[in-house]
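Throw the hints in and build the complete structure from the sequences for me.
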Amino acid sequence: MPELSRDEVRHLADLARIDLSDAELEHLAPQLNVILESVASIQGVAGDDVVATSHPIPMTNVFRDDVVVPGLTPVQALAGAPAKEDDKFSVPRILGDEQ
Amino acid sequence: MSWIYRTAAEQAAALAAGEVTSVELTQAHLDQIAAVDDGGEGVHAFLHVDADGALAQAMASDERRASGSPLHELDGVPIAVKDVLTTIGLPTTCGSKMLEGWVPPYDATVVAKLKAAGLPILGKTNMDEFAMGSSTENSAYGPTRNPWDHTRIPGGSGGGSAAAVAAFEAPLALGTDTGGSIRQPGAMTGTVGVKPTYGSVSRYGLVALANSLDQVGPVTRTVLDSALLQELIGGHDPKDSTSVPTPVTGLVEAARQGGTKDLAGVKVGVVKELAGDAWQTGVMQRFEESVALLRQMGAEIVEVSLPSFVHAMAAYYLILPAECSSNLAKFDAMRYGLRVTPEGSPSAEDVMKVSRDAGFGDEVKRRIMIGTYALSSGYYDAYYGQAQKIRTLIIEDFKKAFEQVDVLVSPTAPSTAFPIGEKVDDPLSMYLQDLATIPANLAGVPGISLPSGLAPEDGLPTGVQFLAPVLEDARLYRVGAALETALFEQWGGQIVPPAYKEN
Amino acid sequence: MSDTLPGLIDFDEVLEKFDPAMGLEVHVELNTNTKMFCGCPTTFGGAPNTQVCPTCLGLPGAMPVVNAKAVESAIRIGLALNCEIAEWCRFARKNYFYPDMPKNFQTSQYDEPIAFDGYLDVDVEGETYRIEIERAHMEEDTGKATHVGGSTGRIHGADYSLIDYNRAGIPLIEIVTRPILGAGEKAPQVARAYVSALRDLIKALGVSDVRMDQGSMRCDVNLSLAPKGSKVLGTRSETKNVNSLRSVERAVRFEMSRHAGVLLSGGSVLQETRHFHEDDGTTSPGREKSDAEDYRYFPEPDLVPVAPSRAWVDELRTTLPEPPAERRARLQASWGYTDLEMRDVINADAIELIEETVAAGAAPQAARKWWLSEISRRANEAGVELASAGVSPAQVAEVQQLIDEGTLNDKLARQVFDGLFAGEGTPAQIIEKRGLALVSDDGPLLTAIEEALAAQPDIADKIRGGNHKAAGAIVGAVMKATRGQADAARVQQLIIEKLA
Ligand SMILES: [Mg+2]
Ligand SMILES: [Zn+2]
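Protein chains in written order, with our numbering: chain A, 175 to 273; chain B, 1284 to 1786; chain C, 701 to 1200.
Bear in mind the hints are in silico, worked out from the structure with no lab data behind them.
Small disclaimer: the values here were computed from a predicted structure and weren't measured.
One should not assume that every hint holds.
When the alpha-carbon atoms are kept at most 27 Å apart in a straight line, the in silico DSSO-like pairs for lysine-lysine are as follows [as the list claims (entries may be wrong)]:
| no. | chain 1 | residue 1 | chain 2 | residue 2 |
| --- | --- | --- | --- | --- |
| 1 | B | K1706 | B | K1380 |
| 2 | A | K258 | C | K844 |
| 3 | C | K886 | C | K844 |
| 4 | A | K258 | B | K1380 |
| 5 | C | K1162 | C | K1133 |
| 6 | B | K1683 | B | K1550 |
Derived contacts from chain B toward chain C, CB cut-off under 7 Å, selection only [stated by the list, open to error]:
| no. | residue |
| --- | --- |
| 7 | Y1389 |
| 8 | S1588 |
| 9 | A1631 |
| 10 | K1682 |
All C-beta atoms in this analysis are idealised placements derived from N, C-alpha and C, irrespective of residue type, glycine included.
Structure, rendered in structure tokens:
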């Protein structure tokens, strides 16, 4: 079980879009390592012959008919928006590209 | 006797008999909330009380009753709702600063069902932030106190719902259980809590913690009340793709049958892996007494082993963080919720990061980071993939066990309620609280926790848990009601926090 | 728009030294009534945030439910591309933060696509290329951001952005090819031909509008170069949102030259996304693909697996349209085009247009003539697709009918097209407005003939003498006098009659 370095913890925080202060990093990093160490015990427990379960109750093919149902009004949709303009959500400038 | 000390079934019967109105019932509970919930040292079970709304619903209920057309057996009986379920017009914060002030434009399916059945909604109950925790100390709005001892935790994440019911602030409450968040608070507060079969109660409108584990369920003071509430909230929901098509029925009937204390022909398996040195003495003592009572009522008791249970905790603490790291990505300060804008001309990404840092508490951050790690390329197979395989092994263990026995039994939690603050910075020891409850969530099977007495060493409630096969929730109610009846006979009624006894 | 380039290499030189490998990723928006996972409508152009609900807005607690029609469309696309259809597959979450994506994960498919291992045969100058399809999977579209402030209205330099989530959750099918190797100098044309054939196929399936100009079909072009003869693929660039057939061809050509320039100057190609610029046909760098890009895929726990029964798949197989190659052969036979004519039609991407023009009543040769000459020329000048040139097949058929009726001649018809391109209304309105109809009354023609004969008596004598060819000069004069609005054949006839 490799110990997470502070840089790795910072990288995880970046991936998760959390702006951790140095103090927080100091506080959380050892806790994360304790947790990871304890969950590492499962490695190797189940072999290749064991299938993974993603859904506890096996079901398939749950579909919806292609029929329009009423949704929200723009007023409802935007009611919780931190900022809005012209019935659109206003967000700070976007860096990086669309995917 | 004040109405608040009656069970929900008794309150419903009194409404039907015209002995009380819903407005009177609702007002009595609002009065109790006002008396015990507020203030620096109150229970703090509620994050939001909707007195006006509840009374308006109660008045409408009374009108229906007067015109001879109540909507449901529980029409007019008030209820509290965990703040993780969306409610039109009522704030829904999930115990997080992130959602402070957010008012959903839609009702969770279970909330819509409560409304359609005429139950006045008293308010929204406190919880660990985004349901992450076993003590309700992770609420951004301050902890809920255990009615048995205000210096102790009420369990979690649904400590608010359990404490509200234990302190007679509500006869019924809704909780959600991802790894024990209904059952463990039940054990801590001396109340009944049920995690139904996965998919048998709609999750639509439940703000997801871990989608493949979450389930909405009843929080009550008696097994029968839970049966009434589960039958009301259960059933297929086309808005929830994981909702099972088969309705789970016969719960009330099973609870009434259990009340006759006849368990002849019922095989009960004591789970070998859910006992040992780590378990508090008083918890084990009350558990063994409960098992003895079951035997006295005719049940056949056998010990069964579910060997993969030893890996359940680790699997759970990978699957849950993985799912929640993705679920909580939507809290990004763009469309709703907290937005913190740093100095200068920050980008959207800057605002997301700063807002998420400000809006989430430590436990949420820990789990998001663990989940992010477990899903990242290079680690997926070793962590998340492996955890999903453990899940398969646990499901197989349950299958084999249920070939031998009708239900499984264990203590609900390894200890009684611990002091507030004791485990806040020790996530691992906090996680151990859910040792016994987690396997049911991983496998989707139903589970119930009911009070098994008070631990002699500290006088605090202990809980006993039954588990049944998928869709066989009725078995829980039969066995649970039988044990409850036997225990109530010993105790002379339900156990009540001393400070909350009617005088 | 392009960044500093280390020199573009001449296309022929690129081919001397390198072999190109292409990969094409095409996103197709389905034309279902509702979104992929909720009941919101998908109609294009609605007022902002009027086609949203808790699910597609990513509100806490909301859950997705799969649109059956979208699954059906995905399977039909898969079958039409000769794919295997998965017996069992799941949706997965693709996790990344972006403000136009309400949940900050895209519900997509990862290692279990609904369709896989197919192919599409495309023709380029009489040669058939088999494009192998790796997969076709289901996913959802994002919302749309408009960028406010700054000078360009583009994302970079904007002060802030406004987001409309009407598009968020519209069903997409992403179709991914295996690396396309061995196309050599024809790589740009093969890429174009593939996208064109795919578009026609999906249009024939009726599952999408496939309007590249409206974004209901979008193409990403991956390209890499390997030293000639090497089997190892080079580092690829990924040019995003190349949104016309012509641009697909240009993007491949540009990237080949750019890669070669980088490689020949001793540099190495960056694995990055690039933007295509319609105006000058260049690309510029976008985001560098780094390790930080880790989508953390995992099976979507809110959706259960999709396991299409073989009976359903077989039933859908019977609904497939005619395969494109067979269709082309059938149309060529019915139109009576030569191989060469047909090839030109295919290259001009005019099959559908001609088919519709013929269906509207025009003769096949006439339809071909207008689309491949007059309209193609104008589309090229404007730098747009033939289909977007501003003339509809019905209008072409109408113009041709007016010619057949004798109301117009070819020369006047071209003026009608001028009017159509200028947006002056229907052909009838343009004829009226511009006064273009042929003079059908003999009176004014006879007057003009007399004037012309009087002006050129020597020619009149030649005609009288039996030299009918000489009448051409008089016809020309009459045409000039009537500003082209005379029927030349009728004028000729009148001259001969008059001088007989
Ligand atoms: Mg995609
Ligand atoms: Zn929607």
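Which earlier hints turn out false for this structure, listed by number in ascending order?
3, 5, 8, 10
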